[in-house]
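Trainee: When you get a sec, could you build the whole thing from the sequences and use the hints?
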Amino acid sequence: MKSRLLTVALGILTAIGGFLDAGDLVTNAVVGSRFGLSLAWVVLVGVVGICVFAHMSGKVAAVSGRATFEVIRERLGPTTAGLNLAASLAVTVLTLVAEVGGIALALQLASSVDHRLWVPVAALAVWLVLWRVKFNLMENVTGLLGLTLVGFAVAVFLLGPDWGDLAAQLVPQVPVQESAAVYWYFAVALFGAAMTPYEVFFFSSGGVEDGWTVKDLASSRLNVMVGFPLGGLLSVSIAACAAIVLLPAGIQVDSMSQLTLPIAEAGGTLLVAVVIVGLVAATFGAALETALSTGYTLSQYLGWSWGKFRRPARAPRFHLAMILALVVAVGVLMTNVDPIAVTEYSVVFSAVALPLTYLPILVVANDPEYMGEHVNGRFMNVLGTVYLFILVVAALAAIPLMIVTEAGG
Amino acid sequence: MTNRPGRSPICSRAVAPLVLALMVVLAGCAPAATRADDAVALSSVSDHLDDASSAVATAELAVRSRAAGRLPAVTADVAADDAVETATGAVHGIGTLVIATDDADRVREEALDAASAAVGPVAAARTWLGRPPSPAGDVLRALDDASSTLDDASGAVEQAEAEARPEAQVGRAVP
Amino acid sequence: MRRTRTGPRDVSREPEPRQPGRVLDARLHLLDRQVLDVDGMPVCTLDDLELEAVDGRSAVDERIDGSVPVVITDLLTGPVLGTRVFGGRPPASRWHRLPWAHVVDIGTAVRLSVRSGDLDATWLERWTRDHIIGRIPGGNHDPESSG
Amino acid sequence: MIASDLLDVPVHDEAGAHLGWVVDLRFVLDGAPDTFLARARLHALVVSPRTRTSFMGFERSSVRHPWPVAPILRWWHRGTFLVHWPDVARVPDPDAGAGPEDTAAIVLRAEFTAYEPGL
Chain A
1 MKSRLLTVAL GILTAIGGFL DAGDLVTNAV VGSRFGLSLA WVVLVGVVGI
51 CVFAHMSGKV AAVSGRATFE VIRERLGPTT AGLNLAASLA VTVLTLVAEV
101 GGIALALQLA SSVDHRLWVP VAALAVWLVL WRVKFNLMEN VTGLLGLTLV
151 GFAVAVFLLG PDWGDLAAQL VPQVPVQESA AVYWYFAVAL FGAAMTPYEV
201 FFFSSGGVED GWTVKDLASS RLNVMVGFPL GGLLSVSIAA CAAIVLLPAG
251 IQVDSMSQLT LPIAEAGGTL LVAVVIVGLV AATFGAALET ALSTGYTLSQ
301 YLGWSWGKFR RPARAPRFHL AMILALVVAV GVLMTNVDPI AVTEYSVVFS
351 AVALPLTYLP ILVVANDPEY MGEHVNGRFM NVLGTVYLFI LVVAALAAIP
401 LMIVTEAGG
Chain B
1 MTNRPGRSPI CSRAVAPLVL ALMVVLAGCA PAATRADDAV ALSSVSDHLD
51 DASSAVATAE LAVRSRAAGR LPAVTADVAA DDAVETATGA VHGIGTLVIA
101 TDDADRVREE ALDAASAAVG PVAAARTWLG RPPSPAGDVL RALDDASSTL
151 DDASGAVEQA EAEARPEAQV GRAVP
Chain C
1 MRRTRTGPRD VSREPEPRQP GRVLDARLHL LDRQVLDVDG MPVCTLDDLE
51 LEAVDGRSAV DERIDGSVPV VITDLLTGPV LGTRVFGGRP PASRWHRLPW
101 AHVVDIGTAV RLSVRSGDLD ATWLERWTRD HIIGRIPGGN HDPESSG
Chain D
1 MIASDLLDVP VHDEAGAHLG WVVDLRFVLD GAPDTFLARA RLHALVVSPR
51 TRTSFMGFER SSVRHPWPVA PILRWWHRGT FLVHWPDVAR VPDPDAGAGP
101 EDTAAIVLRA EFTAYEPGL
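Chains as they are written, first to last, in full-length UniProt numbering: chain A, 1 to 409; chain B, 1 to 175; chain C, 1 to 147; chain D, 1 to 119.
Keep in mind that the hints were calculated from the coordinates and are not lab data.
There may be inaccurate statements among the hints.
Unchecked claim - Label-pair distances were calculated between CB atoms; the ranges are:
(1) A:Leu222 to C:Ile132: 50 to 60 Å
(2) C:Ser12 to D:Arg52: 19 to 29 Å
(3) A:Gly331 to B:Arg141: 41 to 51 Å
(4) D:Ala104 to A:Ile399: 35 to 45 Å
(5) A:Arg378 to B:Gly69: 51 to 61 Å
(6) C:Val68 to D:Arg78: 27 to 37 Å
As the list claims (entries may be wrong) - Which stretches of chain D does chain C cover? Using the computed rule of at least three CB atoms under 8 Å from a CB of chain C, they are:
(7) 19 to 26
(8) 35 to 41
(9) 85 to 92
Predicted model, so just to flag it, every value in this text is computed and none were measured.
Glycine included, C-beta positions come from ideal geometry on N, C-alpha and C.
Mentor: Encoded structure:
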């Protein structure tokens, strides 16, 4: 019998990959240092949205045994699903590039060895875990270590801010020195990051990897209810740390190293060390999540054998796809691009991938042929439809906002 | 504290080039570089000065935390290294802008001096972080000076920008 | 493409009589579903269906129309996917066929009675295994047997 | 013949009037028993007068959720009907490639009957 904490490891790992990947860690700090907590409401909206759809995708996987991209291909047909595949792969591989770079940046914080030297080491380590380590062990270790990012929440308390002042910032408003376009650009970016499509690919496929059946529906629900709110809470904590320390100092966040400054201020060397462990674990977990998602989406679209529960020789094309994705990631990083900046462009592809991912999930969750008696209730359908609408609006707004604001200025 | 009001007029930096590009295309007869272009360039200068100030503030925070024994040496070193990169990037950015009028160019020169002057203290902060602990006072004083120089330059740039802008409005009305 | 359209006119419809066997719609129940082998191993996605006249007349030498009954002879996979997306028609020699006679069950996935390792459709999987993945140390290591 | 040769093809009546597009093929498992399942006989073509896409099949099923996605798609496919395979007079030659639309259409017999498409 697994302990309760380990039961929810999949949800925690999925949420870390979605809310606390290298790009989001920095974006959260940027948002905090420029907008205070005036965008925290977006994280709340995003957490509810990803909970709704991750819950549905987990339920479909548990009841029918079909992971999300199989459902997408089956419902949308090869052309539309192919478009989604291209867009989703673009988002996922761009994020993987950022994660491999992010692991290197996080390791640099602990070693002062230049991050460019860490890149091949990081990629090799990610591959070794994909190649050898059991899915279960992988999700438990990265999920638990990623929890050390709770250090950011602890730091908020240790900094002892003026709580009234902080609470006042929670009201959605555009700060005087920022324009409305930039505010909404970051709102869309945060919302897109919270609902990024590889989370449901990973979560549903992970459910299949963990062998979920109808009996595990409660466990799926628990994963969703614990993992994503925790991810959202941590991302708001990062924004809060930045808002308390960096905003008054006039610091504009542009690198991962600046994340440690509020932590040092709050908890000293020990807390910095804890948080650095968390940064490494979170970026490493996100790298695993995105690398696996690359393999899952491609294999499920084309009907290949997939899964870490099979030995690599029993899922060769799945493993080859992940190896190629990691090679691409290292190749891109070798050109000396800023790994964090890479993720900004994934917003464009998310605009295509988000509606095309969540619509089929919503439809299949209502299909008695798949779900039997477990079809969606009215409440989930209302929420799902509302979020589908928000997603379409956000998707349509994303690209114009990105152009007008030059990706947030 | 290096906080300045009106820190980052991002919107003007982003929207103004688009509006101007549209104007140029529509009018088809705009001169190559005008005072209106200078307004854009000056807003870019002001953004780069913000970056430099941010780098100085980052270095200062890293030094203070390190001096208080709250930040591990390696981590502080990385933060200071990133700050040096940001500061030099700002100098490069200001130095390569195209400016049309003499007034604006004078302001730019001032800004360039201020930004260049900030690189030294930030780099010195990194050097200090790498050495066995010695009093941080000198390093912090240099950073403070750089910070106030940057603030002054920022103020001048913003004023020049504000002066350039109404004329741009007139230019928009009379193509 | 719509030039012959004179606006949709709704034809009057009669109720469909009950059919004597299970009813399946190609797009709704067959196409793009995951195909699993006898052990539950994924084989491919069902990319297309091959249809033949019951009396064995083939589509190549004689035109099929409503006068002859037509049945599904094979499930197709492989290059037919590309032509479904981009148009055109692959040569029949390049279709990978999975005979209808091997189909055991059609649900949220299509189950076969054979092993995926014995099928033509999975040659690329075997090639990748034999030439790349199987040669990397640990490729045959079972992740569930140890940490 | 493969399923794609029939799917998305325009459907004309005997006089050449456009009726819609084939959006799906209906099979009935009532043929001679094969090894495991009965042979799947091509029973009918599902023809939609308004759109070439067969999206989710709400017009054929009793599923009404999620609102409003299901009702909208259902309304979009209103008028969808079923033509039994014996009512098909001519099928375009798959090897002829894309010709003019008139020759690349499925032509129905004069006295064809349209049935309700519900599953």
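Trainee: Each of the hints needs a verdict: does it hold here or not?
Mentor: Outcome of the hint check:
The hint said 50 to 60 Å for the Cβ distance between leucine 222 of chain A and isoleucine 132 of chain C, and at roughly 39 Å that hint is violated. Taking the beta carbon of each, serine 12 of chain C and arginine 52 of chain D are about 23 Å apart, inside 19 to 29 Å as hinted. Look at glycine 331 of chain A against arginine 141 of chain B: about 46 Å separates their beta carbons, and that is inside 41 to 51 Å. Separated by about 37 Å at the C-beta atoms, alanine 104 of chain D and isoleucine 399 of chain A satisfy the suggested range of 35 to 45 Å.
In this structure the supplied range 51 to 61 Å holds for arginine 378 of chain A paired with glycine 69 of chain B, their Cβ-Cβ distance being about 58 Å. Range check, valine 68 of chain C to arginine 78 of chain D: Cβ separation about 32 Å, and the 27 to 37 Å hint holds. Under a criterion of three residues with beta carbons nearer than 8 Å to beta carbons of chain C, the stated coverage of the segment 19 to 26 of chain D is upheld, 6 such residues being counted. Given a C-beta distance limit of less than 8 Å, the hint that chain C covers the segment 35 to 41 of chain D holds, as 7 residues qualify and 3 suffice.
Coverage of a stretch by a chain is defined here by at least three residues with a beta carbon nearer than 8 Å to that chain's beta carbons; for the segment 85 to 92 of chain D and chain C the count is 7, and the condition holds.
Violated hint: 1 only; the structure is consistent with all others.
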